[in-house]
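Trainee: So the chains spell out like this:
Number of protein chains: 4
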Amino acid sequence: MTEISTTILDTLATQAIELPSWAFGNAGTRFKVFSSPGTPRTVREKLADAAQVNRLTGLAPTVALHIPWDLVDDYAELASYAGDLGVGLGTINSNTFQDDEYKLGSLTHTDPRIRQKAIDHHFACIDVMDATGSQDLKIWLPDGTNYPGQGDIRGRQDRLADSLSKIYARLSGEQRLVLEYKIFEPHFYTMDVPDWGTSYAHVTALGERAFVCLDTGHHAPSTNIEFIVAQLLRLGRLGSFDFNSRFYADDDLIVGAADPFQLFRILFEVVRGGGLDDGSPVRFMLDQCHNIEDKIPGQIRSVLNVQEMTARALLVDREALTAAQDAGDVLGANAILMDAFYTDVRPALAQWRESRGLPTDPLAAYADSGYGKQIADERVGGTQAGWGA
Amino acid sequence: MTEISTTILDTLATQAIELPSWAFGNAGTRFKVFSSPGTPRTVREKLADAAQVNRLTGLAPTVALHIPWDLVDDYAELASYAGDLGVGLGTINSNTFQDDEYKLGSLTHTDPRIRQKAIDHHFACIDVMDATGSQDLKIWLPDGTNYPGQGDIRGRQDRLADSLSKIYARLSGEQRLVLEYKIFEPHFYTMDVPDWGTSYAHVTALGERAFVCLDTGHHAPSTNIEFIVAQLLRLGRLGSFDFNSRFYADDDLIVGAADPFQLFRILFEVVRGGGLDDGSPVRFMLDQCHNIEDKIPGQIRSVLNVQEMTARALLVDREALTAAQDAGDVLGANAILMDAFYTDVRPALAQWRESRGLPTDPLAAYADSGYGKQIADERVGGTQAGWGA
Amino acid sequence: MTEISTTILDTLATQAIELPSWAFGNAGTRFKVFSSPGTPRTVREKLADAAQVNRLTGLAPTVALHIPWDLVDDYAELASYAGDLGVGLGTINSNTFQDDEYKLGSLTHTDPRIRQKAIDHHFACIDVMDATGSQDLKIWLPDGTNYPGQGDIRGRQDRLADSLSKIYARLSGEQRLVLEYKIFEPHFYTMDVPDWGTSYAHVTALGERAFVCLDTGHHAPSTNIEFIVAQLLRLGRLGSFDFNSRFYADDDLIVGAADPFQLFRILFEVVRGGGLDDGSPVRFMLDQCHNIEDKIPGQIRSVLNVQEMTARALLVDREALTAAQDAGDVLGANAILMDAFYTDVRPALAQWRESRGLPTDPLAAYADSGYGKQIADERVGGTQAGWGA
Amino acid sequence: MTEISTTILDTLATQAIELPSWAFGNAGTRFKVFSSPGTPRTVREKLADAAQVNRLTGLAPTVALHIPWDLVDDYAELASYAGDLGVGLGTINSNTFQDDEYKLGSLTHTDPRIRQKAIDHHFACIDVMDATGSQDLKIWLPDGTNYPGQGDIRGRQDRLADSLSKIYARLSGEQRLVLEYKIFEPHFYTMDVPDWGTSYAHVTALGERAFVCLDTGHHAPSTNIEFIVAQLLRLGRLGSFDFNSRFYADDDLIVGAADPFQLFRILFEVVRGGGLDDGSPVRFMLDQCHNIEDKIPGQIRSVLNVQEMTARALLVDREALTAAQDAGDVLGANAILMDAFYTDVRPALAQWRESRGLPTDPLAAYADSGYGKQIADERVGGTQAGWGA
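Protein chains in written order, with the numbering used here: chain A, 716 to 1104; chain B, 716 to 1104; chain C, 716 to 1104; chain D, 716 to 1104.
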């Protein structure tokens, strides 16, 4: 086994992967949402579950909230509650896909009243940010159309630009606007922010505190995602990741589950582009659906996958790689990259966890903890959280 | 305008496109199911809506049922009710994707008890068929896995074959088993019947009354669907179509909306392969989701699209086409096909409708009928039908 | 048949579709390049063939050149020769994919000497532009890598930006730099300009006379191309089209052959975004491969397809469309678009051609002209033009 | 590091990966074929290069020939020459894509004379098999069409079935017919054998010695290849693999280079389905293009990749896996699979090589051998082998 240097371990110690509160609620497909015992009914229960992931891995110090799913009266109190659990409140995510009036659009709607309603929703999200101290307002815009002719593609862009500028103007201090893109779903003909180019064009028009969010599941088949990572880092506009994995569409599987080598290449470009450096604007976050598997272990598995792959990315001998690249040694350069990928970093990371008072095997520790049984027993009655609540 | 011959019009007169009862209920994505006024609460209301489509187009004489969504106590009475509305009961569709016990499989489950439960569900569907006189049991198997290793791909096939053989053995008389395939969703790593080859291998193992169902939205990107149509017709195993259209995944848009030329090519292969001939085993059916558009006009638009495209397919000068093909005249052969596609058949079909006592413009006639307002006013209270009911 | 208004016909009269000189040479796949009798051996013969297309359609007044394939000593003389044939010299295309030294990159190469060689090639292309009066330097950059690690994605971007800035600085007057993007091929892991976002980021960094070229075959499966058209028009950076069509990858089939409805939607966005207006920066061009079909008729078919689809796009009742869109009438808005698409514009265009002294049926006129036989008889010996010459 | 058991090492010792003679010739894209010093000019030189791969890895005891590229007068002599180099002659591959008469089809052509010519070519290939003792006739059929209407899809299938039956009838003894499928290229609308279902339908119609060849690069995007592997093994019709890897289309990159985890899953299904057992009908072969990288090291890298991944597949604790699958433990079952994948098998395989008298690092050994320089010096003049020769 290749030794993992202290420098690498120190870098890994600074890595933080934000968990989405909704990962602990039920998720599913249009065909069925399966429920499971112990699923949280409240934001506090979601935070409690997220705190388990952080307690066992040391990797997930903050939790993203989704408004209105995670609306509470007193965010100071919620932040304090979270703090007691050892986690903080992170990114605030807006929701413009579940109000009946948004059926044909929100920030892009032809009706100025509905557009303003959607803008106001983002203002309310910024109010939450002010209360929680969250830095990022993340906008995943579900707007789009299903049929050619249904909407005016160009007019929708113009209205989107106008709506975004009003939201951006409301931000203050260090607050940032992060605009996610997605090729399709929930709409099937056009999405109003379908690709990184569109998100990039909008955020550069907004200003310096606007960034692109890259969800690894939101691309056309065969898109080279690490290229986009490298390009956005180069342009200074990569704000955050939504990590997950996919075989077909936006499958929202556990990050690294479908194509671990792709995750490695992505993280290598993050390292290469300074995304792990001090002061980097890049934030890491999960955005997944545990449709059939247990949710808390699913999140543990996910943050470990990101950490292990980051370790492999950091293992790449970049000096040797550059030399091989400059020499035009195609196979040699590739071999240097692959050598890091094929290195089994798990034993070294287990030792590192032990040295930091964390369980060497977080999944086994979770299974042994009895937490799963405990919440299944305690959380009886009420309405389990899901995408609708 | 190219004249449409009497022969073509006579062929069109025999075309029947089955409507799915669930098309009239609410549908949506995992993000949101939008409801709309007038949505049926009962099977009878679904049948009433379907009957409107048939009344205005003359194209949709039967309605497919979905069990258990359309479970009633007395199917003879339901059939009689439908008959009074001018429609019949058609294909019976089973459902193995909404019971909690099917989370990890139904006909393929490792647990023999759950497999038997799923088999018993199909026996119950056959009982319905016996009561309604339906010919086809259509099985769309949602079984699959989300993660590599989760299931034993091979073992699942063996169990599937066993389960299907038990169901097939229960059929009697002219009853048929039609096995649909789908590349992904609701599962994201494997589906147990992902492609036509798998469906074909299973139905040939079952016997002569087992056929493949081709859903036009269930393929990998860039799959040549008309090739599969031609091949299955050649092999004598094309049992039915589920028509819809797509830009990305299984979008379930109105048939012909996304790629009208593809629909034309598909229907041309149907014609070429004898799929419209007397005694053809091929059945036509819609399977779509009207997430945001009005449902009854959506179904009217759909059957008209199929009819118009069938007319264009029938217009192809096949003698000239064969001559050009045999002469190796690439551009000439293509031009003969395109000439039919670019012909505007709508005026001729309007005349034909008029000659048969149907409205020349079915969509305008529906708008004028007041039916939409009537059901919106009448259908107040109760639970609107959807995929869950 | 819907009447085509004089306004529409006048707009069509201004449409010009540039032909690529290389369309008249042999093309093929990596497996085989089939030759055919009459294929040009020289630039002059290519121009003569292109002039036939223009003579019969009135749509193709200019011919794009590819350097070094179309290198001649005296471009003034060549322009004069072309002028005598009734055509002009158009866009100059550079070539950085056939020199052995470009195996691992040209404008992005790690070796400054090879980068300068590639830059110098573009200077030579600008010299040709100065001699011919061509406005556009079109750069399709084939640079990329085949294996992860082979190249430094980020470093290649930086070198590309530097190389492009040197080329751009050499342009003068009204000359423009148009940067094409392509997702893959000839490289299979990364391309250095894989998507419109990358091209857009580079051209905005260069200056106001730098634009994006959109080749309709250069996208990932299921990419919504008309969205990109609308977006680039909105951003003022759509410089030109390379038209062709595809079922799978960069198939380079006849434009409109694979998905005529997509071509319609693209041209509708061109119309919507002012791309046909006076002073529009958008240029139309073909870029196809006639691997198995006759080349001159293939080009005639292509320009007719673009014209017919432009006519359909212009037929859209935009006032009614906007009203339906604003009213949220999904099916109504779609129907307005489809009505134009399904209108058979061919008879009106035939009349229009007649009124302008052009043959009503250009393909029949070509067949009758005997030109094909003539060049087959005359062009004996020499080396047929292809991608290598 | 997980120990690799003696049982596993013994299984690995039986693995043989056939090399294609054409891998040592030049390959490229339609844009450019780059040449390199030392490229073979003759079949003997190809065999010499292939023998280097086997000498250093012990994995590649046979070489596939391509007719007519590898036509010689005396195959007994060629076999003897190969034997002296330590390798044998393997699969015979036919070629129906480079004769001008096959432009519109070979085994499917409308002209019976051209069909017979293509059939006769396969008879000639069988004659070679008789001379060399090769077991497999592999048919990759490039036939297809570029434009809708160009050919009669159904008629082409019927003619194909007829042609194949004539070829099959000519086989004798243990000889097998292996039919490869491919979704697209060199044709872009239809391929006559586009998918495994089509190949399967044809080979079952032929007889027991007809099998399917699965080329890992010949599928639509997002196709689950290991499912097809499992299915074909279950149906008893998986004859052979053509290994390579891809990001986009049929990129023909080094096997395992683009998606190592996919290769692992494929090989796991091979193991699971008995494909490595004694008497298995499954043959392993490479089919790649080394467009820019060195060819001999490229082949060494490839066979090592297959071996390493086979070792990982053999490491899967199948008993534990089955238990987890039966228990419905989604994450647990997945973890068992991933544990094998993430195990670094390279040190154990290096030891194993050492124990068998092979170099521990075959690539370093090749670099040290001087063979590359030697052939570059010796092979001067003549015509380098490529796809055309």
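Do not take every clue at face value.
Given that identical chains are not distinguished, each listed pair holds provided it fits within a single copy or across any two copies.
What the hints assert, rightly or not - Simulated pairs of lysine-lysine, DSS-like, Cα-Cα distance not exceeding 27 angstroms: (1) K818 with K747; (2) K881 with K1088; (3) K832 with K747; (4) K1088 with K818; (5) K832 with K818.
If you are wondering where the hints come from, they were derived from the structure by calculation, not from laboratory data.
Trainee: Flag every earlier hint the structure violates by its number, smallest first.
Mentor: 2
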